[in-house]
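Visitor: By the working numbering, the letter at position 371 of the sequence shown is numbered 371, and the numbering carries on one by one without gaps.
Don't take every hint at face value.
Stated by the list, open to error - Cβ-Cβ distance ranges computed for the label pairs, FRET-style:
#, residue 1, residue 2, range
1, Glu85, Ala267, 30 to 38 Å
2, Gly225, Glu331, 19 to 27 Å
3, Ser290, Asp49, 45 to 53 Å
4, Glu85, Met377, 55 to 63 Å
5, Gly118, Gly141, 33 to 41 Å
To be verified - Taking lysine to aspartate or glutamate pairs in the EDC-like style, the calculated list, with each CA pair at most 16 Å apart, reads:
#, residue 1, residue 2
6, Lys161, Asp341
7, Lys287, Asp188
8, Lys216, Glu331
9, Lys216, Glu334
10, Lys218, Glu331
11, Lys27, Glu334
12, Lys63, Glu85
13, Lys63, Asp45
14, Lys424, Glu383
15, Lys222, Glu331
16, Lys63, Asp93
17, Lys222, Glu334
18, Lys216, Glu338
19, Lys216, Asp341
20, Lys32, Asp18
21, Lys218, Asp335
22, Lys27, Glu421
23, Lys218, Glu334
No lab work stands behind these hints, which were simulated from the structure alone.
Note that this is a predicted model, so its numbers are computed, not measured.
Note that CB positions come from ideal geometry on N, CA and C, so glycine has one too.
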Amino acid sequence: SSAINGQMFLRGIPEDFDSWASWGNDKWSYEKLLPSMRLLETDTDFSDDFHGTNGPIIARRFKTEEWLPAQKAFYEACTAEGYTESSDLNNPDSSGISPIPFNNPQGIRWSTNIGYLGMSRHRLNLTIRANCMTRKILFEGKRAVGLEVESGGERFSVFGKEIILSAGPIGSPHLLLLSGVGPQRHLDEMGIPVVHQLPGVGQNLRDHPLLYVTWKTKDGFKLDGLAPRSQLVLRYTAEGSDLRNDMIFIMTSFAPERVNRGGDRMAALGIRIQISLYLAASAGELKLTSTDPNVQPFLNYNYLDDPFDRQRLRDAVRKAVDLGNHASFSEIIEDRIEPLDSDLESDHTLDEWMLREVTTAHHISGTCKMGPASDSMAVIDQEGNVHGMEGLRVIDASIMPDCVRANTNVTTMMIGERMSEFIKSEWQ
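Assemble the whole structure, with the sequences as input and the hints as a guide.
Guide: What follows is the structure in structure tokens.
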């Protein structure tokens, strides 16, 4: 969501959206989406043709004098390796080492709750009902007419002229499947009556596979869990790739053990480079495990299934290890914690380590793919309407045909802005 996680305010690059347009979504080219990107933001550092200055979400970057020691060392190591410098990561031509844009002025995550909903709560045509869970969509034939909702142990129905799912790339396909919209074979397996056969629901699950290169710091080196943990990133194009900026390194000045290994977020191991593949070839799927909406669906991320994904990440791990060996880290790093030297001995041992350690960047998308009706895997058209249905739209990160080369937060807000234009034009 826009309220938690890394707080990075990073746009997708023009090629992401132009690819969407080339796949039959001509209203979603970069040129047509730039006004929506500008509309949602107030960039406190840049005011030009690419940035907004009056939007509800505030963006800023840490200045050079605010960079922490590990961040400075990372900068020096990257520039020594010949990577270019960029002051604005959201400039469409940006690449190389750059300060991260954040939507956290004065350390406050400027979420959509603060920026959008906070300004709209007074509206007489808006009712917000908290602590509700939607169990399924109600249909009359192929038309969505309402929702079955549960709150405080009570179940009731709500009805509307149009139903819009904005439950996210897990919640929206989950709800469609529970309601009988999805691949017929899977719905039959789960004993759910098929309202509408739509093979792409839950398919095309995209994410950014994430790996950690972590170092123990020297005794006496200050690790402050309350200081900003990330300030700089490196974006680059992998060797042999024609996908610009398909890799990213995020320098982390305070690196705890993973929570699933008993780690405490406020207890540091040392420092870390987070490596992420920002345009993976591999895709996964989401499927039901139960007809009970309280039970989480099964997520098969299918990370590193494609050999090109493994190749790019192997090279990235070795690049990150080399950066840690740069002289700029000599007064900071004591030893490398992960990966071990034995993991780096060969492509085979490194692949084994990567497949064991790879995790989510929390950028799930694509599970209700946008595309023309001629695309058998498309779930919605480019105005959000579910193919073959009436009165039903999906508007969230699940509609991305592929994950953008960026954190998904900004793009998801942009999707809301763009879709609202289509809805208003229809309803006026």
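Visitor: Take the hints in turn and mark each one as holding or not.
Guide: Hints, verified against the model:
1. Here the CB-CB span from Glu85 to Ala267 is close to 34 Å, well matched to the stated 30 to 38 Å.
2. In this structure the supplied range 19 to 27 Å holds for Gly225 paired with Glu331, their Cβ-Cβ distance being about 21 Å.
3. Between Ser290 and Asp49 the beta carbons are some 50 Å apart, a value that agrees with the proposed interval 45 to 53 Å.
4. Between Glu85 and Met377 the beta carbons are some 40 Å apart, a value that contradicts the proposed interval 55 to 63 Å.
5. About 39 Å separates the C-beta atoms of Gly118 and Gly141, a value consistent with the hinted range of 33 to 41 Å.
6. Pair hint Lys161 plus Asp341 does not hold up; C-alpha atoms about 61 Å apart against a cutoff of 16 Å.
7. Proximity of Lys287 to Asp188 is assessed by CA-CA distance (about 12 Å); at most 16 Å being required, the pair is judged to hold.
8. Annotation: proposed proximity of Lys216 to Glu331 holds, straight-line Cα distance about 12 Å (limit 16 Å).
9. Our distance criterion of 16 Å between C-alpha atoms is met by Lys216 and Glu334, whose separation comes to about 5 Å.
10. Restraint check for Lys218 and Glu331: the C-alpha separation of about 7 Å stays at or below 16 Å, so the hint holds.
11. Restraint check for Lys27 and Glu334: the C-alpha separation of about 52 Å exceeds 16 Å, so the hint is violated.
12. Restraint check: the Cα-Cα separation between Lys63 and Glu85 comes to about 14 Å, which is no more than 16 Å; the hinted pair holds.
13. Taking the CA atoms of Lys63 and Asp45, the gap is near 10 Å; set against the 16 Å cutoff, the hint holds.
14. At most 16 Å may separate the alpha-carbon atoms for a hinted pair to count; Lys424 and Glu383 meet this at roughly 11 Å.
15. Among the hinted pairs, Lys222 with Glu331 is consistent with the structure: their alpha-carbon atoms are about 12 Å apart, no more than 16 Å.
16. Taken as a hint, the Lys63 and Asp93 pair is broken in the structure, with Cα atoms around 21 Å apart against an allowance of 16 Å.
17. Under the criterion of a C-alpha separation no larger than 16 Å, the hint pairing Lys222 with Glu334 is consistent with the structure, at around 13 Å.
18. With a C-alpha separation of about 9 Å, the suggested pair Lys216 and Glu338 falls inside the 16 Å cut-off, and the hint holds.
19. Distance hint between Lys216 and Asp341 is fulfilled; the C-alpha atoms sit about 15 Å from each other, no more than 16 Å.
20. With a CA separation close to 10 Å, the supplied pair Lys32 and Asp18 stays within the 16 Å bound.
21. For a cut-off of 16 Å, the pair hint linking Lys218 to Asp335 stands: about 8 Å separates their Cα positions.
22. A hinted pair counts as satisfied when its Cα atoms are at most 16 Å apart, and Lys27 with Glu421 qualifies at roughly 11 Å.
23. Using a Cα cut-off of 16 Å, the hinted pair Lys218 and Glu334 holds, with the two alpha carbons roughly 5 Å apart.
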